[in-house]
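Work the whole structure out from these sequences, hints included.
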Amino acid sequence: MTRLNLILLVAVITSAMYLVHTQYASRRLFQDLEHATTDAHKLAVENDGLEVQRRSKATPLRIEKLAKMQLQMRTANPAITQYVTYSESK
Amino acid sequence: MTRSLQYTSSPLLASRTPVWRSKFIVAAVAIGFFGLAARAAYIQVIGNAFFQRQGEVRFTRTLALPANRGRIFDRNGLVLASSVPAPSIWAIPEDVERDKPKLQQLAKALDMPLADLTKKLEDDDKTFVWLKRQVDDTVAKQIAALGLKGVYARNEYKREYPEGEAMAHVVGFTNVEDKGQEGVELTFNKELAGKAGSRRVIKDRFGRVVEDVGEQVPPVDGKDLTLSVDSKIQFFAYQKLRDAVISNKAKAGSVVVLDALSGEVLAVANYPSYVPDKRKNLTGEQLRNRALTDTFEPGSTMKPFTIGLALDTGRVTPQTVIQTAPGSVTITGSTIHDSHAHGPLTVEQVIQVSSNVGTTKIAMQMPAREMWETFSQAGFGQKPQISFPGAVSGRLRPYKTWRPIEQATMSYGYGLSASLFQMARSYTVFSHDGQIIPTTLLKRDEPAVGTQVFSPKTAAAVRKMLQMAAGPGGTGPLAQTVGYSVGGKSGTAHKQVGKGYATNKYRSWFTGMAPIDKPRIIVAVMVDEPSAGQYFGGIVAAPVFSEVVQQSLRMMGVTPDMDVKPQTVVKAVEESF
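Protein chains in written order, with the working numbering: chain H, 69 to 158; chain D, 7 to 583.
None of these hints come from the bench; they were simulated from the model.
You can take every hint at face value.
Only pairs whose alpha carbons sit at most 30 Å apart, straight line, appear in this in silico DSBU-like list of lysine-lysine: (1) H:133 <-> D:284; (2) D:286 <-> H:133; (3) H:133 <-> D:255.
Written as structure tokens, this is what we have:
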């Protein structure tokens with residue numbers, strides 16, 4: 069009887085220690101997940117910001133200015149455009 | 007020899023312990039246990055809720071989960087508005103260390119004079135003061151690097167508008183609290199804003215989240231909006247308008263571009279405009295979305311509706327001859343003039359040369375009720391079905407109150423008022439085979455279903471007249487483009503000042519469509535108070551129409567329907583107004 073009690077006591081203590089360990093591990097993992105989620109959010113926000121920056125570098129107003137000033141280009145009109153017809157048959 | 011000690015027989019141990027002592031100890035221990043049991047029962051059963059709460063207060067926190075404001079895109083998926091991080095810098099004045107070089111650096115980073123900064127930090131009683139809201143991320147990093155005690159940053163977001171002033175009136179802007187104040191940002195604020203969520207968590211002593219407790223309310227991000235506006239067309243409309251307003255020394259101007267098939271708004275541009283990100287010293291003049299909020303007497307651009315009604319009811323045909331000599335007509339004592347006498351004109355020519363007398367003579371054959379019904383059906387006097395702040399309905403008085411002279415002036419666009427947007431929409435009657443179609447600011451995939459106002463035959467006949475008006479011998483030949491056939495009507499009106507008309511202040515406009523046989527777009531242009539010598543709609547507004555049509559159709563990939571050789575432009579006929 070005493071032996072059984074001792075075995076049970078050891079089992080209870082082991083289980084309790086394991087529970088503490090599992091709790092600890094789960095909190096560590098949860099923290100990592102939190103970090104990852106925060107990073108993902110940060111990256112998404114950064115991505116949005118960069119997209120806006122890219123767009124503001126490529127607005128028609130800016131492109132037109134650069135094309136005219138730096139590349140001496142002019143706006144196309146039908147008088148200087150050649151229209152080609154496309155036919156499906158080979 | 008060893009001596010053995012008989013403990014049991016020690017006289018010291020021989021005395022017996024009194025029984026009451028052991029009983030006392032047992033009783034004391036028992037009372038102790040009872041005490042513990044009672045306390046345990048109190049904590050776990052009776053006062054459980056209190057202790058549970060107190061425990062939670064000490065280690066759980068509620069975190070707010072802010073929702074992201076939705077983005078706004080143009081019809082091709084290009085970003086028009088998006089939120090970017092913009093930390094706000096705040097301080098606890100009492101805690102801020104008075105280190106002058108560091109404060110100087112802080113002031114420099116915040117782009118404000120040191121005196122202003124010290125003034126903000128003067129009030130020691132305050133526990134919180136904003137130093138600057140919504141600064142750039144890099145500025146916030148610089149400030150953090152200074153390591154100044156008592157100065158903190160709070161995460162906030164601000165809206166960025168890459169298209170700047172060209173798109174300002176359409177997109178609008180939000181305030182520092184991220185609430186829409188103007189334009190689409192205001193109209194669709196509810197959809198864009200989303201709903202913040204929250205979560206309860208357990209934090210460890212380092213402030214790290216280690217566990218979720220209880221229910222989580224996930225944030226609902228705002229919806230992304232895709233507008234019908236094309237940022238390239240919008241840009242061209244803005245650019246051409248701006249150039250025209252500047253070169254004509256005008257006060258302001260607006261352009262509206264509509265898709266003639268779907269009723270989608272492709273562009274709404276106004277000048278003067280503003281940069282949505284820099285709103286210091288903003289004036290009402292810059293802020294007004296004139297195309298929708300300002301009404302004016304449409305003048306000659308109304309004539310096609312009067313003529314359309316007469317054609318539709320079979321009272322005239324395009325070839326019916328109307329005698330407009332001697333260039334004036336008197337109705338109940340008031341005389342209506344043409345700019346000069348034209349003699350006999352066909353109905354087509356009445357529109358082509360924009361004769362007031364011809365239009366009046368046709369209008370006087372019709373009952374006021376019919377004219378009122380047609381004008382109403384074409385959207386005059388009614389709020390446009392577009393969700394936009396400040397869109398006005400204009401004015402169209404009930405026909406019962408019309409006097410004969412008023413019926414006459416209304417036939418050529420005086421005595422009623424409309425916004426430029428209403429004008430543009432009303433012309434869908436001619437472009438869409440006699441149907442007026444609903445307009446939308448949001449991208450629409452299915453074709454628009456309209457309400458029949460005129461028969462398709464009448465619409466085609468009026469289109470032909472509009473083409474003549476924008477051609478040689480018409481009032482708006484400057485509206486012509488290279489490669490695309492156009493049709494439209496110019497308008498010029500004295501501006502109303504107080505109760506009368508100013509003799510030297512004009513409004514010039516042009517409303518038309520292209521290509522004329524199967525219109526793809528409707529463009530309406532208005533220039534307010536041109537004062538560089540020219541003021542006729544056909545000369546001031548028509549060139550803007552021409553350039554906007556040219557660029558828009560090219561951008562939409564519409565194949566030219568005319569020879570693409572450059573055309574010579576003939577001198578415009580002076581219109582009557």
